[in-house]
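**Q** In this note's numbering, the protein residues as written are 1 to 190.
These aren't lab readings, by the way, just hints derived from the structure by calculation. All C-beta atoms, glycine included, are put in the ideal place defined by N, C-alpha and C. Take the hints with a grain of salt, since some may be wrong.
Stated by the list, open to error - Derived Cβ-Cβ restraints for the label pairs, each shown as a range: (1) Ala132 <-> Lys25: 42 to 48 Å; (2) Gly162 <-> Asn61: 18 to 24 Å; (3) Val100 <-> Glu2: 37 to 43 Å; (4) Val100 <-> Lys183: 43 to 49 Å; (5) Ala132 <-> Asn59: 45 to 51 Å; (6) Glu133 <-> Leu37: 27 to 33 Å; (7) Gly162 <-> Lys115: 44 to 50 Å; (8) Asp145 <-> Val35: 31 to 37 Å; (9) Asp99 <-> Asn59: 38 to 44 Å; (10) Val35 <-> Met144: 18 to 24 Å; (11) Val35 <-> Ser97: 27 to 33 Å; (12) Asn76 <-> Gly162: 37 to 43 Å; (13) Asn36 <-> Phe167: 25 to 31 Å.
What the hints assert, rightly or not - Taking lysine-lysine pairs in the DSSO-like style, the calculated list, with each CA pair at most 30 Å apart, reads: (14) Lys78 <-> Lys22; (15) Lys78 <-> Lys25; (16) Lys30 <-> Lys183; (17) Lys25 <-> Lys62; (18) Lys139 <-> Lys115; (19) Lys25 <-> Lys82; (20) Lys161 <-> Lys13; (21) Lys87 <-> Lys13; (22) Lys62 <-> Lys30; (23) Lys13 <-> Lys78; (24) Lys115 <-> Lys78; (25) Lys87 <-> Lys22; (26) Lys82 <-> Lys139; (27) Lys183 <-> Lys25; (28) Lys22 <-> Lys183; (29) Lys161 <-> Lys115; (30) Lys22 <-> Lys139; (31) Lys62 <-> Lys183; (32) Lys82 <-> Lys161; (33) Lys139 <-> Lys161; (34) Lys34 <-> Lys161; (35) Lys78 <-> Lys139; (36) Lys183 <-> Lys139; (37) Lys30 <-> Lys87; (38) Lys115 <-> Lys30.
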Amino acid sequence: MEIILASGSPRRKELMEMLGFKNLKIIPAKGEEKVNLSLAPGALVEALATQKALEVAENRNKEDLVIGADTIVFHNGKVMGKPHSEKEARDMLSELSGDVHQVYTGVCLVKDGQKTARHELSRVHFRSLTEAEICAYVKTGEPMDKAGAYGAQGLGALFVKGIEGDFFNVMGLPVCLLGEMLKEQGVYIL
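With the hints as extra help, turn the sequences into a complete structure.
**A** In structure tokens:
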């Protein structure tokens, strides 16, 4: 059995390696994400993670374990994915400034034709940001491949006053939840 991460995220790969998965195969899903955006945030990230895992599992041995994940930021009733432009990144950060938002990550495991999907929720408290800080941060390029336009594990940590819930969820992979799901599949990390 091979363990396959259906994601090109360097953060997810790093977290999997931290858990001891050194021979992890990385096969990013390439398909277009097609989901009903009116779904509740937890259901939305589960659906997105499931799409990724199923796409990659389709061309693998049934006994391989495929892990899909997807993360969104949710604030004031709105989903924030990855920004498509620097302006969109600045707008997202301005909206999050001085407020609390939610980070949802869906995880889906596919093995032997069976799928299991769950999600994790963390609440992130941002300090108030100046326009100059936002512009300087966006110029670093760090926000451009991250949901909500920031990375809590990078320079974006300068904006995070506190996190309620799993910190690793905010990085894009809820490690505790993943560990429980893997154990249910007979994969023991410890």
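**Q** For the pair supplied as a hint, lysine 78 and lysine 22, confirm whether the alpha-carbon distance does not exceed 30 Å.
**A** violated, 37 Å
**Q** Between lysine 139 and lysine 161, is the straight-line Cα distance small enough, at 30 Å or below?
**A** holds, 22 Å
**Q** Is lysine 115 within 30 Å of lysine 30, Cα to Cα?
**A** holds, 19 Å
**Q** Is the straight-line distance between the alpha-carbon of lysine 82 and that of lysine 139 30 Å or less?
**A** Holds. Lysine 82 to lysine 139 sits at ~16 Å (cutoff 30 Å).
**Q** Are the Cα atoms of lysine 161 and lysine 13 separated by 30 Å or less?
**A** holds, 26 Å
**Q** Regarding alanine 132 and asparagine 59, is the given constraint of 45 to 51 Å on their beta-carbon distance met?
**A** holds, 48 Å
**Q** Could you tell me whether the CB distance from glutamate 133 to leucine 37 stays inside 27 to 33 Å?
**A** holds, 30 Å
**Q** Could you check the hint for me, namely that valine 100 and lysine 183 are 43 to 49 Å apart, CB to CB?
**A** Given about 32 Å between the Cβ atoms, the range is violated.
**Q** Given the hinted pair lysine 78 and lysine 139, is their Cα-Cα distance within 30 Å?
**A** holds, 25 Å
**Q** Could you check the hint for me, namely that valine 100 and glutamate 2 are 37 to 43 Å apart, CB to CB?
**A** holds, 40 Å
**Q** What's the verdict on lysine 161 and lysine 115, does the C-alpha distance respect the 30 Å limit or exceed it?
**A** Since the Cα atoms of lysine 161 and lysine 115 sit roughly 36 Å apart, the hinted pair is violated (cutoff 30 Å).
**Q** Hint check: lysine 115 vs lysine 78, CA-CA at most 30 Å. Holds or violated?
**A** It holds: about 28 Å lies between the C-alpha atoms, which stays within 30 Å.
In this structure, the hints that do not hold are numbers 2, 4, 7, 8, 12, 14, 15, 18, 25, 29, 30, 34, 36, in rising order.
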